[in-house]
Structure formats: C-alpha cells, structure tokens
Amino acid sequence: MIEKIDLDLCDGCNVCIESCPTDVIKLIDVGGPGQADTWKAVVAYPNECHSCRLCAIDCHVDAIHVSHGLRIPDVFLTFTEIDMR
Amino acid sequence: MERLEHSFDVLIVGGGIGGAHAALRAAALGARVALVEKARVARAGPMTYVHSQFAPDRRLEGEELQEWASEFVVGANYLADQDWVEQYLRESYDRINDQISWGVPYTRHADGSLKYVGVRGHKVGTTLGVDGRRCMEILRKRLIAARVKLFEKVAVVDLLTSDGLRPTKGRVTGAIGIGVRTGQVAVFKAKTVILNVGPFYPKMHYAFADHCTGEGHAAAWRVGAEFAGMEFAQFAAWSYFNKSFFTPGQAKIQGIGAHFINQSGERFMSRYDPIWGEKAGLFQVARAIITENIEGRGPCHLDLRHVPQEDLEILYEVSPSVKRAFDEFGINPAKDTLELGPFVVIGTMSGSGPHIDLNSATNIPGLYAVGYGTSCPHLMSGISGSGISSFSAVGGYRAGEHAAGVIAQVPMPIVHEAQIQETLRQHFEPMRKVRQVRPSDVWIQIGQVTAAPEFALFKTEDRIRAVIIRLEQIRDNVAPKMYAPDFHELEKASEVRNYLDMAILACRAMIERKESRGELFRVDYPYMDNDNWLKWLMARRSESGEAVFRTVDPDYARWAIKPPPGVTPSPYTVPLRFQVRDAA
Numbered sequence: 047m048i049e050k051i052d053l054d055l056c057d058g059c060n061v062c063i064e065s066c067p068t069d070v071i072k073l074i075d076v077g078g079p080g081q082a083d084t085w086k087a088v089v090a091y092p093n094e095c096h097s098c099r100l101c102a103i104d105c106h107v108d109a110i111h112v113s114h115g116l117r118i119p120d121v122f123l124t125f126t127e128i129d130m131r
Numbered sequence: 222m223e224r225l226e227h228s229f230d231v232l233i234v235g236g237g238i239g240g241a242h243a244a245l246r247a248a249a250l251g252a253r254v255a256l257v258e259k260a261r262v263a264r265a266g267p268m269t270y271v272h273s274q275f276a277p278d279r280r281l282e283g284e285e286l287q288e289w290a291s292e293f294v295v296g297a298n299y300l301a302d303q304d305w306v307e308q309y310l311r312e313s314y315d316r317i318n319d320q321i322s323w324g325v326p327y328t329r330h331a332d333g334s335l336k337y338v339g340v341r342g343h344k345v346g347t348t349l350g351v352d353g354r355r356c357m358e359i360l361r362k363r364l365i366a367a368r369v370k371l372f373e374k375v376a377v378v379d380l381l382t383s384d385g386l387r388p389t390k391g392r393v394t395g396a397i398g399i400g401v402r403t404g405q406v407a408v409f410k411a412k413t414v415i416l417n418v419g420p421f422y423p424k425m426h427y428a429f430a431d432h433c434t435g436e437g438h439a440a441a442w443r444v445g446a447e448f449a450g451m452e453f454a455q456f457a458a459w460s461y462f463n464k465s466f467f468t469p470g471q472a473k474i475q476g477i478g479a480h481f482i483n484q485s486g487e488r489f490m491s492r493y494d495p496i497w498g499e500k501a502g503l504f505q506v507a508r509a510i511i512t513e514n515i516e517g518r519g520p521c522h523l524d525l526r527h528v529p530q531e532d533l534e535i536l537y538e539v540s541p542s543v544k545r546a547f548d549e550f551g552i553n554p555a556k557d558t559l560e561l562g563p564f565v566v567i568g569t570m571s572g573s574g575p576h577i578d579l580n581s582a583t584n585i586p587g588l589y590a591v592g593y594g595t596s597c598p599h600l601m602s603g604i605s606g607s608g609i610s611s612f613s614a615v616g617g618y619r620a621g622e623h624a625a626g627v628i629a630q631v632p633m634p635i636v637h638e639a640q641i642q643e644t645l646r647q648h649f650e651p652m653r654k655v656r657q658v659r660p661s662d663v664w665i666q667i668g669q670v671t672a673a674p675e676f677a678l679f680k681t682e683d684r685i686r687a688v689i690i691r692l693e694q695i696r697d698n699v700a701p702k703m704y705a706p707d708f709h710e711l712e713k714a715s716e717v718r719n720y721l722d723m724a725i726l727a728c729r730a731m732i733e734r735k736e737s738r739g740e741l742f743r744v745d746y747p748y749m750d751n752d753n754w755l756k757w758l759m760a761r762r763s764e765s766g767e768a769v770f771r772t773v774d775p776d777y778a779r780w781a782i783k784p785p786p787g788v789t790p791s792p793y794t795v796p797l798r799f800q801v802r803d804a805a
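From first to last, the protein sequence lines are chains C and S.
No gaps in the numbering here: position 38 of the first sequence is 84 in the working numbering, and each next residue is one more.
No gaps in the numbering here: position 461 of the second sequence is 682 in the working numbering, and each next residue is one more.
If you are wondering where the hints come from, they were derived from the structure by calculation, not from laboratory data.
From the three backbone atoms N, C-alpha and C, an ideal C-beta is built for every residue, glycine too.
There is no bait here: all hints are sound.
The following residues of chain C were derived to be distant from chain S, with all beta-carbon distances above 12 Å:
| no. | residue |
| --- | --- |
| 1 | I51 |
| 2 | D52 |
| 3 | L53 |
| 4 | D54 |
| 5 | C56 |
| 6 | C59 |
| 7 | W85 |
| 8 | K86 |
Using 27 Å as the maximum straight-line C-alpha spacing, the simulated DSS-like pairs for lysine-lysine come out as follows:
| no. | chain 1 | residue 1 | chain 2 | residue 2 |
| --- | --- | --- | --- | --- |
| 9 | C | K72 | S | K654 |
| 10 | S | K374 | S | K654 |
| 11 | C | K50 | C | K86 |
| 12 | S | K544 | C | K50 |
| 13 | C | K72 | S | K370 |
| 14 | C | K50 | S | K374 |
| 15 | S | K654 | S | K702 |
| 16 | S | K464 | S | K556 |
| 17 | S | K783 | S | K735 |
| 18 | C | K72 | S | K702 |
Starting from the given sequences, assemble the full structure and let the hints guide the process.
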C-alpha cells in the first residue's frame with residue numbers, strides 16, 4: 047500500500063488523484079486559518095489501496111512511496127495455510 | 222444539485238481498450254460519441270496493467286489460420302465460438318497495426334523490427350510486448366482528437382430502457398452516471414450503448430483490478446442481456462510470492478519460460494496439463510500448485526534462474542512493477558526462486574458475461590458489449606495470457622462500426638423519468654443511513670463465505686447451495702445496512718451490491734453444469750464430459766429477478782475443429798475429508 051506521501055515534496059499538482067483507479071487519494075488544504083492555500087495529497091482511504099503503483103509512477107516529484115508488501119486479507123487465503131491431507 | 226442531461230448517438234461505458242476502439246471507430250464513421258469511465262482513461266481497468274497483446278505477425282489464411290485457431294479452441298476446451306475465433310485472428314492483426322500506426326510503442330529488436338514473443342497458452346500464436354499505460358495514453362489522446370466527449374471519474378450505475386422496465390422488452394436508451402467524488406448526476410440519452418465490460422473480482426487488494434467489481438455485468442444483467450459461461454467465473458492466480466508480495470505480469474513471466482518446481486525440484490506442470498505444461502492457464506497452474514501442496518510435495522517455487530538476462534529485461538521493460546517488487550524484496554531471479562502462493566476466488570478469468578454476436582451486439586436492441594467481461598464468446602480467449610486485450614480491440618471496433626451504422630434508423634430516444642428517479646433513490650440510499658456497515662467490511666464477509674476450501678477448491682452441489690444461501694444473506698441482510706458518509710463510499714457500496722449479484726449468479730450456473738471443465742472443478746462430477754456437456758450454458762434474468770438457464774449446442778457440424786468424444790478425469794487430488802461418498 048502507499049507507505050508514505052512526502053508532504054515536503056508534494057506540490058499539490060493533483061496528478062496522483064487523477065491516476066488512482068480506486069480513488070484512494072484526496073487533496074486537502076493544510077494551510078492554517080488565515081494562511082495561503084497549501085494543497086497536499088493525502089491517503090484518504092488507505093484500506094482500499096491495492097498497490098498498483100500508478101500514483102508513484104506518475105508523481106513528478108517522486109513524493110509517493112508504495113510498498114509491494116501487502117497481504118491479501120487472510121480470509122481469502124485460508125486454504126493455502128491449512129493442512130488438507 | 223442540478224442534474225446534467227446529454228444526448229449522443231453512441232454512448233460508451235468503460236474506457237479500456239475495447240471502449241477506446243469502439244469510440245474511435247464510431248467517431249470515424251461520423252457518430253457523436255461519448256465515453257464514460259469511473260476512473261480515468263489510461264488509468265482504468267485491466268488494460269492499464271497489460272504487458273503484452275496477442276498479435277499475429279502476419280495475415281493468416283487457410284490451414285495456417287486453422288492451426289492458430291486450434292490453440293484457442295483447444296485452450297477453451299472446445300467451447301469457443303469458432304466463427305468468432307476466425308474473425309479475431311484476422312482482425313487482431315488489423316487492430317494491432319492500427320495501434321502501431323498511432324504510435325503505440327511495442328517492443329522492438331535492436332534493428333527496429335517488431336519483437337514477437339511467446340506467451341502463456343500459445344505455441345504458434347505470437348504477442349508483442351507493451352506497457353498498457355502507454356498504449357492507453359496514446360488512445361486517450363486520439364479519443365480527444367476525434368472529438369469523443371470524455372466523462373471521467375463518472376460511474377454509470379444503471380442503464381435506461383425504452384419501456385422503463387428492467388428487464389426490458391424494448392431497447393436500451395441510455396444510462397445514468399454519478400460523479401464518483403462529486404455525486405453529480407448525469408443522464409445520458411443515447412441511440413446505442415456499448416458496454417466495455419471488464420472482469421469482476423472481490424476487492425482483495427490484488428494489484429491488478431480491485432476497481433473491477435462487475436458494474437457493467439450487473440447493469441447488463443438487470444436490463445435482461447443473456448449471459449454465457451458464468452459457471453466458469455473463477456479467478457485464480459499464483460503470483461503471490463514468498464507470502465509477502467504480489468507482482469502483475471503472470472502471462473509474461475510464463476511467456477519468457479518460467480519453470481514451476483515442487484520441493485524436490487520437479488517441474489510438475491506437465492503432469493497436470495500435458496498440452497500446455499508450464500504455459501497453462503492461471504487456474505490450471507494454481508490448482509496444480511495446491512494439489513502438489515496437498516500431496517506433500519510443496520512448497521512450490523517459481524524458477525527463473527535459467528532465463529537469459531535479455532528476456533528478463535523484456536519483462537522489466539513492459540512490466541516495471543515486477544522489477545520494482547524484486548528490488549524491494551531483494552530478489553535476484555538469476556539466483557533466487559520464489560515461493561508461490563496460489564488462490565481461487567469467484568471472479569472472471571475471461572469468458573463469463575454478456576453473450577455477443579460477431580458485431581458484439583447483445584440480445585437487447587441498442588446494447589453492445591465488448592471486452593474481458595463478455596462471454597468472449599464462450600471462452601475463446603481460453604487460457605491465453607494476452608488474447609483478451611486484442612479481443613477487446615477487435616470487439617470494440619466491430620461494435621463501434623455496427624452502432625454507427627444503425628444510428629440513422631434510430632430516433633433519439635425518450636427516457637422515463639420514473640425509471641431515473643427510482644434508480645437514483647436506490648443508489649443514494651446508503652447516504653441516508655446512520656453508521657452501520659462499511660462496504661469494506663462486506664468484502665471481508667464475502668471472503669469468509671467464498672474462500673473456504675470446501676467451496677473454493679472442492680465444489681459439490683450441496684456446498685455451492687450453502688454458499689448461495691450465505692451470499693444471499695449478505696445481500697439481503699448486510700448490504701442494505703451499508704452506509705456512505707461521502708460519494709466515494711457511495712460508489713463502493715454500489716460495487717459490493719453488483720459483485721454480490723454476479724457472484725450469486727455464478728454459483729447458480731456452477732450447479733447447472735454437471736461436469737468439470739476449465740475453471741469449474743466439481744468433486745461430485747470430477748471429469749470433463751464431452752458426450753453430454755459440449756454445450757454453452759446461457760442465463761437470463763426473469764421479471765421476478767431469478768436466473769433462468771438454457772443450454773445451446775455449438776455448431777460443430779459446420780466448424781473445422783471437432784472435439785474428441787468421451788470423458789476425461791480431472792487431475793486434481795481431493796483430500797479425504799473433502800470427498801463425497803456418492804460421487805456421480
């Protein structure tokens with residue numbers, strides 16, 4: 047899943063949000079009250095990321111780190127773990 | 222919020238390669254075309270993750286065409302529609318050449334000539350490597366240049382019909398789309414609708430198509446499109462490595478000559494699939510690995526140590542994710558083997574969905590279906606690792622051409638306000654609920670019901686019926702409690718409902734086919750029965766919402782490739798506690 051979006055690097059360009067087929071990422075304004083708008087990408091629905099990496103590939107400042115280390119939910123893999131003899 | 226209304230000659234639902242080819246062909250013939258996609262074209266659907274396309278290296282005729290066709294027909298256990306296979310072999314050559322002329326960067330040799338290579342499921346058939354993203358980016362640019370109106374991040378939630386009924390006795394007249402982030406409602410009136418149906422899978426974080434949950438299937442089913450091959454709706458895969466990570470690109474990995482080895486180093490696939498061996502279909506490989514594990518010869522490994530670096534480079538070029546994953550987990554395929562984790566779920570491999578004719582038309586006037594999630598027709602893509610994207614391109618082109626040809630005779634339809642209001646009321650229902658069940662929780666329940674070995678691996682009629690009852694309980698008691706705090710979750714709730722409907726339909730179809738063939742393995746009928754079951758199983762939705770089945774005999778008398786008679790036992794071992802005493 048998306049391990050990290052580096053907010054120091056993110057320039058709020060919106061490309062990752064367009065890229066994500068499952069609509070996992072959102073732009074939010076992290077500027078405080080009275081400050082200028084500061085848009086940053088955040089992972090709004092982390093449990094829906096399926097590690098396809100399209101966001102990381104498309105990010106032009108390399109701010110997104112996606113790990114392949116994601117398990118299928120255990121319920122879908124029960125039969126690979128049990129002794130079936 | 223004010224609703225948007227649009228009218229088009231041809232409405233394409235889904236922006237994969239089938240939808241793109243359909244749109245481009247219809248637009249080239251002068252139709253006013255719109256394409257609606259719930260993600261973004263080139264970042265949507267399985268085509269985004271495709272690494273190679275079936276691509277004949279020459280125009281095929283006569284005996285040679287038959288030789289190439291037989292790969293598909295045998296791979297589909299003889300259920301393929303041989304007329305479609307022939308059309309496909311001829312026209313995939315043309316469609317790939319279209320793409321090459323548009324600048325799709327297929328892999329080439331150093332001298333600039335195209336690099337045709339093998340892939341899963343083919344010995345004579347050839348493929349060309351490509352990064353699906355780059356292919357679709359080029360097609361997206363062409364869509365815009367051809368003045369196809371793109372509606373992206375808009376999910377079509379249902380089709381509209383001329384009589385305001387589902388199933389309809391009339392025509393399909395358009396669709397309702399909802400902005401996935403904005404909730405903006407858009408009503409599309411259209412003379413013809415082309416569904417680019419993708420596969421459907423449960424959301425299990427499989428890095429390929431978690432966003433493919435059967436929207437097109439379910440919409441087509443509701444309006445009364447006849448389906449075929451739903452009993453084969455089993456998705457299996459083996460690329461869950463070392464119990465820790467996935468990669469896509471399984472067809473390509475098999476294509477460059479991967480070996481599957483058991484604990485003692487034996488290459489076991491030829492015991493399970495004497496024809497295709499290590500280039501067998503995903504289901505066959507997954508089941509073989511599971512059987513090796515059951516019989517105590519596991520764990521099994523993927524072995525690429527013998528593969529020349531040059532071929533690995535091709536894999537990495539068209540599937541950069543494989544390289545990234547290997548790097549992340551410190552895998553050196555020249556030295557390391559990877560432990561294989563197979564799994565089986567209710568989902569589409571290809572060949573389960575709306576039945577289509579040679580022009581990709583369904584039985585419902587005004588409705589076409591193209592792509593992975595059609596009946597393909599009747600598994601013609603079979604075990605092919607790369608046939609589906611080219612099939613989508615051929616089917617899309619055919620649908621676009623046919624649709625553009627009929628619009629002159631079809632008046633712009635009138636839509637029924639009551640049908641629109643009822644669809645919207647149902648769709649927005651989860652937003653009116655207080656906090657109860659999240660869509661993501663329902664997926665876990667679906668997994669608990671469908672992934673137990675007695676159903677996933679060792680089906681019998683009783684076990685399938687038990688799963689249907691539990692899925693219906695989820696549909697009737699849990700799904701109505703889904704709540705959606707925002708429009709994103711609203712779309713996710715819709716996806717769960719669609720998947721549930723298709724999973725239940727698939728289970729019902731599995732009961733009907735009383736043999737084991739392809740992706741369907743039944744413990745109570747553990748053999749392929751060519752004497753009684755060389756039939757297509759068709760399903761339609763009755764007015765009361767039930768699935769009604771019939772069988773159709775393929776036209777073998779007219780076709781060149783004849784199936785052998787007789788019964789062939791299945792190669793999969795059934796552990797004692799999963800056996801049935803009175804096996805038929």
